[in-house]
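Protein chains: 2
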Amino acid sequence: MSEVMSSKTKDKIIHTAIQLFNVFGTGAVSTNKIAKELGMSPGNLYYHFHNKEEIIRAILDAMIADWDKLWLPLPKDWQPGLNDLKAIIRVNLQLQVKYRFFYRELITLMQLDPELKHIHQHIQEQRVEEQKKFFQLFVDAGIIQLQVPSEFDALLTACWIISNYWLSFLETSGVEVDDSQIEQGIQLIMTVLRPYIAVEELAGE
Amino acid sequence: MSEVMSSKTKDKIIHTAIQLFNVFGTGAVSTNKIAKELGMSPGNLYYHFHNKEEIIRAILDAMIADWDKLWLPLPKDWQPGLNDLKAIIRVNLQLQVKYRFFYRELITLMQLDPELKHIHQHIQEQRVEEQKKFFQLFVDAGIIQLQVPSEFDALLTACWIISNYWLSFLETSGVEVDDSQIEQGIQLIMTVLRPYIAVEELAGE
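Residue numbers (this note's numbering), protein chains in the order written: chain A, 1 to 205; chain B, 1001 to 1205.
Among the hints, erroneous ones may be present.
[Stated by the list, open to error] Stretch by stretch, here's where chain A covers chain B in the computed footprint (C-beta under 8 Å, at least three residues):
id : region
1  : 1029 to 1036
2  : 1192 to 1198
[As the list claims (entries may be wrong)] Straight line, CA to CA, 25 Å or less: simulated PhoX-like cross-link-like pairs of lysine-lysine:
id : chain 1 : residue 1 : chain 2 : residue 2
3  : B       : Lys1008   : A       : Lys117
4  : A       : Lys98     : B       : Lys1117
5  : A       : Lys52     : A       : Lys8
6  : A       : Lys86     : A       : Lys76
7  : A       : Lys98     : A       : Lys10
8  : B       : Lys1117   : B       : Lys1076
Derived by calculation from the structure, the hints in this document are not laboratory data. The beta-carbon is built from N, C-alpha and C at its ideal position, and this holds for glycine as well.
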């Protein structure tokens, strides 16, 4: 198999695994089920991935690459606006929808695979730092106004929890999750942030 | 076996199962492991519960009974105060700590057992209604002040998500969860609510 073909097949396997994991959960989806869905022999799948753990780690790599695109360094003279804040929350929630099985099962997956736990915790720390820097730009620009500095971490944590678990909350309520719930999620996070946003910024909302 | 003894043994099994599920997750804990932890033969455990699903449903019953105690009807002349709000958030988080495996794995558990899904969704609807009524008392008393009525549902949902997923957030960050994180969780929810709370109520904070 050529390298290009092999990489395309790998991508297909990853894509199909994500879809099946999102619907049925990782526990209920075997590598055989993924192969069957792709009309591929189990042996052919095995050529690319030796087990489900390897597939899940490859999905983690794909996720990390997707998140990296979100937190690209900003130009030096960039002026933040309320719409930028909403835009980043939106992309955030879109990635949560795309990889929702991962966030839904995160603690279990970390218990089953210490290597995945290690990678994820490292990445989470990095993401929190990136998010802090991004929020700080809004504080510096006077768009987010805090009375005491300690509110900064608390607000950030509240937004992080809501954006990471908004879909799980919907799913436990029996809602079938897709992109159509994203605007609702943005509104929810904005309810938390709004009291801290400068009045003149809210005029155009 | 007498009924009293049988009920005591059942309680012990449930208690031990909760501890093991909290530490290792339901996937990694077999009924045999629970029996072993209790110094009990697998046959004796089987006399009380035929499989892990039955144990998990019994835990759900115990949880529901614990939550029911939280939402007892209030006396007619009850005057809500900020400390009552914090107290109910505290008990809420304590129950989340006690049954944390359940909230952590909820969607997976619901996927594996449609009966549990049915019971949980029904209960969740009921809990949301109880919480709404409780919050409404604070709105009626002028303690929580809203500019538009639609903020009510959004605030309630934000508090619900934070209180239900605060522990999962800590666990994915590598924090070992126990009662010591509860006050932090209350502070976090108060950061979301504070801008909506009457100034005179905050004076004594």
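Cross-check of the supplied hints:
1. 1029 to 1036: violated (count 0)
2. 1192 to 1198: Check passed, 3 qualifying residues.
3. B:Lys1008 x A:Lys117: Violated. B:Lys1008 to A:Lys117 sits at ~38 Å, over the 25 Å cutoff.
4. A:Lys98 x B:Lys1117: Since the Cα atoms of A:Lys98 and B:Lys1117 sit roughly 23 Å apart, the hinted pair holds (cutoff 25 Å).
5. A:Lys52 x A:Lys8: Judged against 25 Å, a Cα distance of about 18 Å means the pair holds.
6. A:Lys86 x A:Lys76: holds (20 Å)
7. A:Lys98 x A:Lys10: holds (18 Å)
8. B:Lys1117 x B:Lys1076: Violated - the C-alpha atoms of B:Lys1076 and B:Lys1117 are around 35 Å apart, more than 25 Å.
When each numbered hint is compared with the structure, violations occur for hints 1, 3 and 8.
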